[in-house]
Amino acid sequence: MADEKDHPNGGGFTRRGLIKGLATTAVASATAGAAALAEDRAKAETAGAGLPVSITLNGAVKKGVFTPRTTLAEALRDAWGMTGTKVGCERGACGACTVLLDGLAVNSCLTLVHDADGRKVTTIEGLGSPEAMSQVQKAFVDADALQCGFCTPGMVVSCAGLLAKDPHPTPHAVREAVAGNLCRCGTYTGVFDACAAAAKAGVSHG
Amino acid sequence: MAEEKKEKEKEKEKEKEKTSEKVPGAMPAAVTVEIGLAPPYPSKKISVSLSPGDPAPYPMGPRPVTGRRRARLDGPEKVTGRAVFTHDARKAGMLHAAIVRSPHAHAKIVSIDTSAAEKIPGVVIENPGKKVVRYHGEAVLALAAPTASAAEDALRAVKIAYDVLPHTVSLAAARKEGAPLVFQKQVEEKRSAGDEPGAAAVLPQTGNVRGPKKSGTGDVEKAFAEADGTLEIVTTTSVQTHVPLETHSLFAEWVGGTLEVQASTQGTFSVRDELAEVFKLSKDKVIVRAEFTGGGFGAKFGAGDYGVFAAKLAKKAGKPVLMALDRKGEHLSAGNRPDSWNRVKLGYKKDGTVTAADYESFGTAGVATGTGTGGFVKSAYGFPAVKVAESDVFTHLGPGCAMRAPGHPQGCFAVETALEELASRLGMDPLALRLKNDPSEVRRAEWDIGAKEFGWSRRPEITKANEAAAAAGSPLRRGLGCAASLWYTFVAPGSQVLVRIHRDGTVEVENGVQDIGGGVRTPIAMVVAEEMGLPVESLHVKIGDSRYPFGPASGGSVTIGSLIPAVRAAAVHAREKLVGVAAKVLGEPESEVRIAGGVFSAKGKTVDFKKVCSRLPGETLVATGDRAKDYDGADTRLFGAQFAEVVVDVETGVVAVKKVVAAHDCGQPVWKTGVESQIRGGILQGISYALFEERVVDERSGRVMNPDIEFYKILGSKDTPEIVPLLVDFYPGKNNAHARGIGEPATVPTAAAVANAIAHATGIRPTALPITPARILALLGKVPAQEVRA
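Keeping their order, the protein sequence lines are chains A and B.
Going left to right, the first sequence walks through residues 1 to 206 as the working numbering numbers them.
Going left to right, the second sequence walks through residues 207 to 996 as the working numbering numbers them.
Since the hints were derived computationally from the structure, they do not count as laboratory data.
Computed from a predicted structure; not experimentally measured.
For every residue, glycine included, the Cβ atom is placed at its ideal position computed from N, Cα and C.
You may find that some hints are simply not true.
Said to hold, decoys possible - List of simulated lysine-lysine pairs, DSS-like, C-alpha gap at most 30 Å:
{"hint": "1", "chain 1": "B", "residue 1": "K365", "chain 2": "B", "residue 2": "K314"}
{"hint": "2", "chain 1": "B", "residue 1": "K748", "chain 2": "A", "residue 2": "K120"}
{"hint": "3", "chain 1": "B", "residue 1": "K658", "chain 2": "B", "residue 2": "K924"}
{"hint": "4", "chain 1": "B", "residue 1": "K297", "chain 2": "A", "residue 2": "K62"}
{"hint": "5", "chain 1": "B", "residue 1": "K878", "chain 2": "A", "residue 2": "K138"}
{"hint": "6", "chain 1": "B", "residue 1": "K864", "chain 2": "A", "residue 2": "K200"}
{"hint": "7", "chain 1": "A", "residue 1": "K138", "chain 2": "B", "residue 2": "K864"}
{"hint": "8", "chain 1": "A", "residue 1": "K200", "chain 2": "B", "residue 2": "K748"}
{"hint": "9", "chain 1": "A", "residue 1": "K200", "chain 2": "B", "residue 2": "K489"}
{"hint": "10", "chain 1": "A", "residue 1": "K165", "chain 2": "B", "residue 2": "K878"}
{"hint": "11", "chain 1": "B", "residue 1": "K924", "chain 2": "A", "residue 2": "K200"}
{"hint": "12", "chain 1": "B", "residue 1": "K924", "chain 2": "A", "residue 2": "K165"}
{"hint": "13", "chain 1": "B", "residue 1": "K809", "chain 2": "B", "residue 2": "K865"}
{"hint": "14", "chain 1": "B", "residue 1": "K816", "chain 2": "A", "residue 2": "K63"}
{"hint": "15", "chain 1": "B", "residue 1": "K297", "chain 2": "A", "residue 2": "K63"}
{"hint": "16", "chain 1": "B", "residue 1": "K790", "chain 2": "A", "residue 2": "K138"}
{"hint": "17", "chain 1": "B", "residue 1": "K382", "chain 2": "B", "residue 2": "K551"}
{"hint": "18", "chain 1": "A", "residue 1": "K62", "chain 2": "B", "residue 2": "K251"}
{"hint": "19", "chain 1": "B", "residue 1": "K864", "chain 2": "B", "residue 2": "K748"}
{"hint": "20", "chain 1": "B", "residue 1": "K865", "chain 2": "A", "residue 2": "K138"}
{"hint": "21", "chain 1": "B", "residue 1": "K365", "chain 2": "B", "residue 2": "K382"}
{"hint": "22", "chain 1": "A", "residue 1": "K138", "chain 2": "B", "residue 2": "K555"}
Claimed, not checked - If we take Cβ atoms under 8 Å as the criterion, some of the chain A residues that face chain B in the derived model are:
{"hint": "23", "residue": "A79"}
{"hint": "24", "residue": "W80"}
{"hint": "25", "residue": "P130"}
{"hint": "26", "residue": "Q135"}
{"hint": "27", "residue": "F140"}
{"hint": "28", "residue": "G186"}
{"hint": "29", "residue": "T189"}
{"hint": "30", "residue": "D193"}
Said to hold, decoys possible - To spell it out: a stretch of chain B is covered by chain A in this simulated footprint if at least three of its residues, at any positions, have a beta carbon under 8 Å from a beta carbon of chain A; those stretches are:
{"hint": "31", "stretch": "458–464"}
{"hint": "32", "stretch": "896–904"}
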């Protein structure tokens, strides 16, 4: 007979669980301790307790108070309602949550919101809107570089990050830039074409 | 009684006549349809009777809007993050749900203590009181909390005591006598939309083996006796998981006595019907919305255990609840393509003609059924005599379910590997062998255009170049392979479409269908735009809501073929009604009125679309269209021929797929861009299946070792080859738009074509998927062979 009190979720750890443990520097070994800790955390979160964070989000200053364990993806999606950034795996394996942190493409599910404090974050919403799409977004639509659309924001952000640093990427560089973005529908060839077209359009527009 | 009926029918007939008199351009009951491939191929004319109100089918030839490429209508929403998926549902006060899952493959639940979890503020628990779990990852209970993190904390605080029972988790072990039994009782098959028709509900069951289900045609034994030779091979394939980027998810809220749901689903209406049944509600009391679904591939039809949990938790809490599976739960519990063991024996003549096939398959869908792989051998080529025996083997693993062309990539790999072996035994060109055995005119055209585009004739030179490379000590070998596709045209009956025109000229098109990536909004708009002479972008296509008219679940390549004929009927009816209004405005008879480019005209007078709309007799004009029953036409099979080019490094065993050319038929494509995107996607999933995907289970613990996407590898950007989709211009008849699907046939032959290309490059015969470097090196004799799993 096995008692699963420590690992009700099958004995594996989740990334968020790990970060939580590290961030709070408390690893509860007994269920009672874990429950008490969880109780405290929940109270803190409900009461809006935590430490202040100030981020330049898509060009505007955004402030909030977050517990140490909050990820950037959670802050964006849950606190600020910016759900354009998707979460597909919570472990940095799929890239759906990609945002630009000071211009660098990062997985927002692996970035604590406090690590983004004082920095510039650009999300998919910051690149353009349906009414005013960026060059990359427009190129994605033109090349049909999307199907279900769930991986698409992350793909677009990765390509935008690449083009900002390398306006004339080689095909290899494009593949490299989206190597961390998984697409199950199979839109990669469209993504390559879109990125190339956006680079070309960028040139012609000076 | 009978007379009364007759009377009523007569009356109905009269009514029909009246309506057809009123509507200008009403369709005659019997029309001639030209079916077959467009010139230069021969076609034939057949006479069909149309259902009342159904427009006559498209004649051969190009059309102004449909059948062409254009940008996806909802692309701007999807590329800007504006598209709201179920994962994105956010509402004040909502709770996040999570599921406590079994860590064991098989166990009795001794006790469940949720007292500590209940102390966490805001936590709600739904404990169905399960007594036994049968697979690693099976749901035991669900809970919800104000934040996702709090829900995870609560999961950790639940104490469950298990009494671990013996398990069996591999196909081979579960087939053995004395293996721990997964089920004590006879298991009845659950049907899913991807199933072949006529699947048996109850079959003999011995131990964990359910079956065989026997089928076939002709006298196989006699054909073997008369054959010049026979050939037998065994192939195996691994479990593939769907890995939709958006995990299974459902948002539930009770508003009064109504259950309002947002679901990541392939079936708005199947989710509604399941929830209505579970909660004993009338269909109007369950509202399901599915505006955007982040992938499905066969695994997202019903409400699921997770969805029912969400609705129950929402009821208990009196708050909205979002249940989004984590990636681990997705892998373990939300479905997969079963693995397979397939034995195929072919009888053949010296000239390469296959005269008979004896086929046997075993597969495990874990605790579920439906692993048969015999469809391909029966119907792909039409061998004269075929005998099939398919058996399910139960194991203590998560349930398999429909996945893009269920059973067919497996069956195609088995048969196309055998054909490749036969070609090699007879010294024949592999394509010539297939043409020898392929009676389908459509697929013969596909072999032809595919081979030309691909440059199949390079094959002998490449063989020579490989010999030279070997002699020079280079590790790289190039190979070309091909394989045939097969799927079927299924039609989900009952689709209805509503067109609503407002006085300001707004045109809405409503159907409850969901978009799982195929982009169904765009072809709907194109069909309506063409019939009404309006710009595609001007139409407001409303989908993904169970309050709209019924639409098909998207699985088995049914969506377009089931829906588009109803869209066209609705658009034609709307146009006819508008013409009536325009005729009055113009003061000319309806028969004189024409519509093009948003302008109505008659005898030189014109009036624009908006003006006509402003003169509608009511605030809105509503027209509907039904999916009429299929009439006569071409073979209902979907064909396809794919060609793959690979480079194999024989020192490392690494395979790079360089190019795939795919020639397919899907009737008259409505939105060509979308069809081509589907083909690309099917091919990439096929390459992923061929080379990478393998669920790994530890036999000792019964646990899945890679329920994630770090160690369960799916194809990525660097594995993507050049892809050339080709379409034959085909008019199959059957419905008013010659509409057919493409999702399934695009993925069926890819793995087999890649395997055959690897065989050409290396001289080895891969018989197990995925074809990993380790397997290649073992077949080359460079490393010891791995234990065969299945």
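Item checked: Structure-inconsistent hints, enumerated in ascending order -> Per hint list: 2, 8, 9, 10, 13, 14, 16, 18, 19, 21, 22, 23, 24, 26, 30, 31, 32 violated.
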